[in-house]
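Colleague: Okay, here's what each chain looks like letter by letter:
Protein chains: 2
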Amino acid sequence: MKKIGIGIIGLGNIGSRLYKEIISKKKDIGLKTNTNINIVAISAKNLNKKRNFKVKKNIFYKNPLDITKKSNVNIVIELIGKSDGISKKIVERSLKNKKHVITANKALISKHGDYLTSIAEKNKVNLEFEAAVGGGIPVLRTIKEGLATNKILKVYGILNGTCNYILTEMESTKDSFKSVLKKAQNLGYAEPSNPKLDLNGYDAMAKIRILSSLAFNKKISNKKVLMEGIEDIETKDIDIANQLNLRIKLLGITEVINNKLFERVHPCLVKKDTYIANVNGVMNAVILDGDPVGESVLQGEGAGPGPTSSALMSDLLSILRGNIKFPFGIPSSKRKKVFSYDQNQNFNSLYMRFEVKDKPGVLSQITKQLAKYKISIARLIQIPDSKRKTASIIIITHKSKELYSSKCLKSFKSNKNVLKNPILIRLF
Amino acid sequence: MKKIGIGIIGLGNIGSRLYKEIISKKKDIGLKTNTNINIVAISAKNLNKKRNFKVKKNIFYKNPLDITKKSNVNIVIELIGKSDGISKKIVERSLKNKKHVITANKALISKHGDYLTSIAEKNKVNLEFEAAVGGGIPVLRTIKEGLATNKILKVYGILNGTCNYILTEMESTKDSFKSVLKKAQNLGYAEPSNPKLDLNGYDAMAKIRILSSLAFNKKISNKKVLMEGIEDIETKDIDIANQLNLRIKLLGITEVINNKLFERVHPCLVKKDTYIANVNGVMNAVILDGDPVGESVLQGEGAGPGPTSSALMSDLLSILRGNIKFPFGIPSSKRKKVFSYDQNQNFNSLYMRFEVKDKPGVLSQITKQLAKYKISIARLIQIPDSKRKTASIIIITHKSKELYSSKCLKSFKSNKNVLKNPILIRLF
Chain A
30 MKKIGIGIIG
40 LGNIGSRLYK
50 EIISKKKDIG
60 LKTNTNINIV
70 AISAKNLNKK
80 RNFKVKKNIF
90 YKNPLDITKK
100 SNVNIVIELI
110 GKSDGISKKI
120 VERSLKNKKH
130 VITANKALIS
140 KHGDYLTSIA
150 EKNKVNLEFE
160 AAVGGGIPVL
170 RTIKEGLATN
180 KILKVYGILN
190 GTCNYILTEM
200 ESTKDSFKSV
210 LKKAQNLGYA
220 EPSNPKLDLN
230 GYDAMAKIRI
240 LSSLAFNKKI
250 SNKKVLMEGI
260 EDIETKDIDI
270 ANQLNLRIKL
280 LGITEVINNK
290 LFERVHPCLV
300 KKDTYIANVN
310 GVMNAVILDG
320 DPVGESVLQG
330 EGAGPGPTSS
340 ALMSDLLSIL
350 RGNIKFPFGI
360 PSSKRKKVFS
370 YDQNQNFNSL
380 YMRFEVKDKP
390 GVLSQITKQL
400 AKYKISIARL
410 IQIPDSKRKT
420 ASIIIITHKS
430 KELYSSKCLK
440 SFKSNKNVLK
450 NPILIRLF
Chain B
30 MKKIGIGIIG
40 LGNIGSRLYK
50 EIISKKKDIG
60 LKTNTNINIV
70 AISAKNLNKK
80 RNFKVKKNIF
90 YKNPLDITKK
100 SNVNIVIELI
110 GKSDGISKKI
120 VERSLKNKKH
130 VITANKALIS
140 KHGDYLTSIA
150 EKNKVNLEFE
160 AAVGGGIPVL
170 RTIKEGLATN
180 KILKVYGILN
190 GTCNYILTEM
200 ESTKDSFKSV
210 LKKAQNLGYA
220 EPSNPKLDLN
230 GYDAMAKIRI
240 LSSLAFNKKI
250 SNKKVLMEGI
260 EDIETKDIDI
270 ANQLNLRIKL
280 LGITEVINNK
290 LFERVHPCLV
300 KKDTYIANVN
310 GVMNAVILDG
320 DPVGESVLQG
330 EGAGPGPTSS
340 ALMSDLLSIL
350 RGNIKFPFGI
360 PSSKRKKVFS
370 YDQNQNFNSL
380 YMRFEVKDKP
390 GVLSQITKQL
400 AKYKISIARL
410 IQIPDSKRKT
420 ASIIIITHKS
430 KELYSSKCLK
440 SFKSNKNVLK
450 NPILIRLF
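Residue numbers (our numbering), protein chains in the order written: chain A, 30 to 457; chain B, 30 to 457.
Think of the hints as simulated: they come from the structure by calculation, not from any bench.
Certain hints may be false.
Calculated from the model, a selection of chain A residues having no Cβ within reach of chain B, i.e. all distances over 12 Å [to be verified]: (1) Asn-87; (2) Gly-114; (3) Asn-251; (4) Lys-418.
Which bits of chain A does chain B cover? Going by a derived footprint, with three or more residues having C-beta under 8 Å, they are [claimed, not checked]: (5) 58 to 69; (6) 319 to 328; (7) 352 to 361; (8) 401 to 410.
All values reported here derive from a predicted model rather than from experimental measurement.
Just so it is clear, CB atoms sit at the ideal spot from N, CA and C, and this is done for glycine as well.
Start from the sequences, fold in the hints, and give me the full structure.
Modeller: Set out below in structure tokens:
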């Protein structure tokens, strides 16, 4: 049995769970991979933080970079997070020192994945990041192995459990975004101090960039693309969607159109009887459209210590089984650079909500403006609020060009009858 | 680049598709695995059958067993089917001659999988059978790799596309089982000559046996277990289920209860708003309940040349990447023998439908008999057919013991007021 030393850097909820998981599954892993694994080094910001297991002080390193140099460490597991700073250094140095690396860090991989991959390939070690996308759902492994020779045409899904939980709760409780966010924070579904990166679409975007590269055998794109979060969604929008037999979901979508990459993250209105509309709460789901396999769906818990450590363990086993794999499935040198699709040229049906003064002529101002930008109306609903002498005007449009619709909405800024920035949600 | 020779035995729909797939993906596969693959041997029942590609006569073998001896063949792909006879011989001899084997044959693997696995392990070659379960869904690979260290507690799902298509069509068209079956046969979703193995649950059962062994690290069970198909389901049952906000699905289920294996396949009534109730048409879906990952769902097209060849290709890549894996994830010697759970001790809520003569006293005969077998009624619906002077009596029971309910239903055989065998469907 080959002796393998593991270093774990970061002992928060996930690191702690993984630590215990590795110890309890040691025998099972030995059986499956013919190895004798041991945790030989750990590091965390605070040695004395209360944890539900005893930290062995003799393997604790105050400076995590020391672990990247230890000769008895074969695999480094980085669980600190953030795209730059210490976590990048840890991964970089570990790979250069010919250690295999496992990370759950989507910000790091989506930003520096190409660079880190080239170091891993040069040093003939693994760089694994299954836990970066889809929590416990082994979606990266499925693309790399289970669907290995398929031509993947499109990938989309619900990639952020925090947003999906908030939207689900807003619908079922009718509570406001703010109060549901607070609830999510109390339950540990949203970060207590700074939940912004989940809510504004950044987290889902990082995952989409990783999925794209893997699915389409391309370099990771760093172009600024369409990214909108759920912060502006109100219960009003959810209610109206409901009446229209629609539901609001934050989707990440990536596809190749005429050899150009079209990645985006934004709230979408989906029909209630579709599969994706019924993925609720903190669940994640990824839908892959491939040839010859057809449509494949993967669903599971998208975050939390359990699912995440399941993904980390699958990376560990992949390394222990002993074959070095290209982090993105094919050699770096063969992964093409990618041009971006001009999102302004895209056509979409739209949901628009205007909050306006309830007085004659306002509706005609709006419809006139829409006509000017070639946006044709499929459906119009006006809901007056007689107390405040305001009204909500909801418009569902026929397919309209992104360029025109964004210009059109901007044009209402100077209109004093329109009381706040109109809400726009794209139909999926 | 290592030169690898492939032999394909069986050139029906699936074999033909795979043949073309391998040729068109040769370059991509070379890139991913650093190998140079070539189809160097083929065999089929009929050389001259019309196919949509040209069969090279110089690599055609009349006797498929000759292929298992060829020194330039490294991988044999068996696509004939059936659990015994020539397909078993092909796989057996190929493994003994140190050829890797890929097969889509669930009947073979569910019956002789343990034996064939031991030969594969002894000869240090791969035996891969991803296409045997779930069509294009890489569910076996997901259990073996993506969820490798999870303790799997339960696996269930829709594993037979033919049955699921028929049930879906019966609901949407209100056509009878017979006429929908004919439609399914015309569309190629059911075998034209003998669709029995799909309809009576045998096919789903074979898949459940394979899933069980893999999920629970056990030997394949060959005990006779609860297996019922959909042949007796009538549109009447589907309509009534509909009224009760339920839907009928043929499910395969396997779990370990008190260290005993409980495998079964039978029609189930599932709530309409559940995930599994909304997997329609020829789609397959597998739900895995694991620790620490939680619930994972995999859905995709369950049959047909496209999805099946996607699964076969993933097996091919797994072999080409070069690491020999245990066919069932761990060494044969470590896979435990398994005791079966006594299905008679199981408790289930039941749907029962009695077709009776519409005359006084019949209902009381039925309810009296139920009481005798300790079956308590949760809901009763009587639908009279005044023309024929008959009635349908539908009973939903509280949880009842399997032993009693089967005895109870048998007891109606001698009752002349009960016009045919009562229908029983278990609630899930």
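Colleague: Next, verify each hint and record whether it holds.
Modeller: Here is how each hint holds up against the structure:
1. Asn-87: With a cut-off of 12 Å, A/Asn-87 remains clear of chain B, as the shortest Cβ separation is near 26 Å.
2. Gly-114: The assertion about A/Gly-114 holds, with a minimum of 29 Å to chain B.
3. Asn-251: Holds, because the least Cβ-Cβ distance between A/Asn-251 and chain B comes to about 24 Å, which exceeds 12 Å.
4. Lys-418: The claim stands: A/Lys-418 keeps its Cβ more than 12 Å from every Cβ of chain B (closest is about 41 Å).
5. 58 to 69: holds (count 3)
6. 319 to 328: Our answer is that it holds, as 10 residues pass the Cβ test (under 8 Å) against chain B, meeting three.
7. 352 to 361: holds (count 6)
8. 401 to 410: With 0 residues close enough to chain B, the hint is violated.
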